[in-house]
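Trainee: Spelled out from the first residue to the last, the chains are:
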Amino acid sequence: MSDTQTDIQIDELDLGTSRSLWATAWLRLRKNKAAMASLAILIIYILIGTFGPMLTTHDYDNSYRDFTREPASLQLYPPTEDILPSAERVITRARLQPQSVELDGDILTVTATSSREIDERVTRYMDRSDLFANTRVIEISPDNLTVTMQSDVQRYRFIFGTDSNGRDQLARIVIAIRISLLIGAAATAVALLIGVLYGAIAGFIGGMVDSVMMRVVDILYSLPFIFFVILLVVFFGNNIFLMFIAVGAIEWLDMARIVRGQTLSLRRREFVSAAEALGVKPVSIVKRHIIPNTLGPVIVYTTLMVPKVILLESFLSFLGLGVQNPLTSLGVLISNGSRDIQGTPYLLIYPSLALTILLFALNFLGDGLRDALDPKDR
Amino acid sequence: MTDPILDIKDIHVSFDTPDGPVDAVRGVNMKVIPGETVAIVGESGSGKSQAMMATMGLLADNGTVRGSAIYRGTQLIGMSKSDLNKIRGAKITMIFQEPMTSLDPLYSIEFQICEPLRVHGGLSKQAARDRALELLELVQIPNAKDRLKAYPHELSGGQRQRVMIAMALANNPDLLIADEPTTALDVTIQAEILALLADLQKRLGMSILFITHDLGIVDAFADRVYVMRAGQVVEEGPAEQIFNAPREDYTKLLLGAEPDGTKDPVPETAPMVLSANDMVVTFSSGGGFLGGKLREVKAVKDVSLSLQKGQTLGIVGESGSGKSTLGRAILQLLPSDGRVVFADNVISGLSRHQMQAYRRDLQMVFQDPYGSLSPRMTVGEIVTEGLLVHEPGISAKDRDRRATEALRAVDLDPAVRRRFPHEFSGGQRQRIAIARAVILRPTVMVLDEPTSALDRSVQKQIITLLRDIQTELELSYIFISHDLSVVRALSDTVMVMKNGEVVEHGSTANIFNAPTSDYTRHLMRAAFDLKSVLKEHANTIA
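Protein sequence lines, in the order shown, are assigned to chains Y and Z.
In case it helps, the numbering used here puts the first sequence at residues 37 to 414.
In case it helps, the numbering used here puts the second sequence at residues 13 to 554.
A hint or two may mislead.
[Said to hold, decoys possible] One side of the interface only, derived from the structure: several residues of chain Z facing chain Y at Cβ under 8 Å: (1) Gly-383; (2) Leu-385; (3) Ser-386; (4) Pro-387; (5) Gly-398.
[To be verified] When the alpha-carbon atoms are kept at most 30 Å apart in a straight line, the in silico BS3-like pairs for lysine-lysine are as follows: (6) Z:Lys-310 / Y:Lys-317; (7) Y:Lys-317 / Z:Lys-409; (8) Z:Lys-157 / Z:Lys-214; (9) Y:Lys-323 / Z:Lys-409; (10) Y:Lys-67 / Z:Lys-93.
[As the list claims (entries may be wrong)] Now the stretches of chain Y that chain Z is said to cover, found in silico as 3 or more residues with beta-carbon under 8 Å: (11) 309 to 316; (12) 323 to 331.
No lab work stands behind these hints: they were computed from the structure.
This one's a predicted model, so the numbers in the text were calculated from it and none came from an experiment.
In this text, a Cβ means the ideal position worked out from N, Cα and C, and glycines have one as well.
The shape of chain Y in the complex, shown without the other chains:
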């Protein structure tokens, strides 16, 4: 800075605020309202997927045979007027004749008679129903022909209704979000790992190696995906890890192509030449210079890949090739719900909404990230 002949400062250093490219991108992203809302929604989904199953009052695989296809509402089940008839039904099933059935708050008192001697284990008949629990014998007549029992009436809320097996739809949706997010994340991680390494190596080495590696990708591309999944299912049976592998094994191809393209253009950048002139080993060049610089487009593509994977899984599950009962995913729920749109629309609407909102959030976030990381593209 000494070479100026006057007091005019040339090329002075501004030691003001320092910001990495990532920090700048975050600033830009924060200005994008749609992307920030999406990010918030996504975080909520992740929280639901992680902690939701612990918080729901029903287990996702618990079926209430008494409450199949109940519509979504805030009402308590069973409704008060249904308790006495249900109780009588249960007693009859236990081969007893109900004498009096009384309801006092949440406690049901039953007096019943039988032509045969009554065993104390009769309470089990009552407990077997979803409605009653803690049945205890209050009084049993000396001849063992009349019994008075008391049960706690169980009352449930099914906010999103129940499916045809009497399982709580809310618990099902919560577990489905967990599974869908898990598949989305795991398959994307698989695709990311293979795709980035494969693409960076092919693009960096170039020449013959690149040609061979990319032809392999082309060949894999030409395999019909459904056929590939059916083969996997036939050989290894139907399980959820297979889904990760199947989806990941397809999705890395796109990633490899993107990263290879990026690498080819980075390869010609002068900072790579500069590293070569310093004598940096090819492995280190890929690690230090190539991969970090492909991360922008890779992150964007990843956020767009997650919804793609979730959709793909939904599609496979819809076909019956994906997640199996009692576990479920959003695709399975939608598939089941679509069977009786007129009778039980709520079975279709809620999982569809859950999936749509999730996909919207991921796509908006992906778009926002693209704008933030690569402002030249706007």
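Chain Y is fixed; fit chain Z onto it per the hints.
Mentor: Same frame as chain Y, now just chain Z:
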């Protein structure tokens, strides 16, 4: 004095960025009289282009403009887009810096010239074609008739710029705004384009507003000059006055920014550090699996050179002369034929692994300060990367100390170690690139156009820095550049290259004072005596 054709009053331009608004232009007044050539001169970031872009309604989305710009009584600022389009592109036209990218590669030249003529001018197909031919002849494209059918990639950079000028002239504009139209071109082509513009102006009587960072071409070309700095006009006046009696310090600084000084030749007894014999570099494309026919281009043909300790060899040539390729081939960064000897060891034909031992002695600084630093690494990491390779044993603390020393050596505050390259100006980045090479204490440095992307005043600083480092570390330089004045200031031996061959080779004094080949003489005149070249052109046309 006649009424101005364009009258700009108190223009302000600001950009909305994540860091808050940035004022690019702060109250600029300018006038263009009919038939006059006005130059706006300023270094990068002075707002010279943005002022014009704002006038033409071409600002980026985050830019806003205040002020007034009156074209023949019509206010341009705040005009609706459709009204503006009637003036823009017809009466006021623009040509830009990059002739390589401003033509659409998918359409022929004819189509690109004819389309606006037919759409806006309402000409018939035949009339448009005739007009296009006339325009191409006007801008002196040889074989204009055949060239009509050519696609942009078939034309050279200079020819493309001529086509751009032809398109700008299509509707007989009153004012042609030329935004650095010759910056991307070689000096000899630049002289031709400038001569063409001067000639066209004389014949068509339009005004030219010429935006440039290069005061040298302004002297030969403009009637009036505005000097801009940091968004404001620092000085204005007739070209003569600006050049002969500048009032402002900044103008004086720009005028004095031409690199000066020379380098004394090294004694003949200085030991030889590097020599290359019969270097040949061949680029091939196609061939191989499904690749089609193999095509080969010889970029460097049988070039030999030698370098003594402390010597600077300047390699001069226009684009495509193979000078950069030669530099990389010597450092074994490109496959090549020929024998390269460094410190009595043959290094040509070594494998990457064998070459590793010599890498630290042979360093390189690249042309593009924006491309040669990895954007996701901090300056500290960039500068010390070579140490990781060549001195893997030293501790992180020692590396940090070495980085501090290296940054001090290039006159940068060592506190910049934690920052990222995008926060620095071009000149500062080039310093970082030099620090990255110097930290390894090399013997030879190949400098591939290290000053070409920089403003003149910054260029001068870098040249001083390179000189200081050379004496301090007893370095030998191979200095590759198209810029003759920089080469003259830095080198003691010069090699002139053309089409992969050496045209002339000798001491700097000899080459510059008594060039023997026609090509060198031609190059010298275009670079140092633009005025006489333009005058000569004008005379031959008249």
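Trainee: Could you tell me which of the numbered hints above are not met by this structure, giving the numbers in increasing order?
Mentor: none
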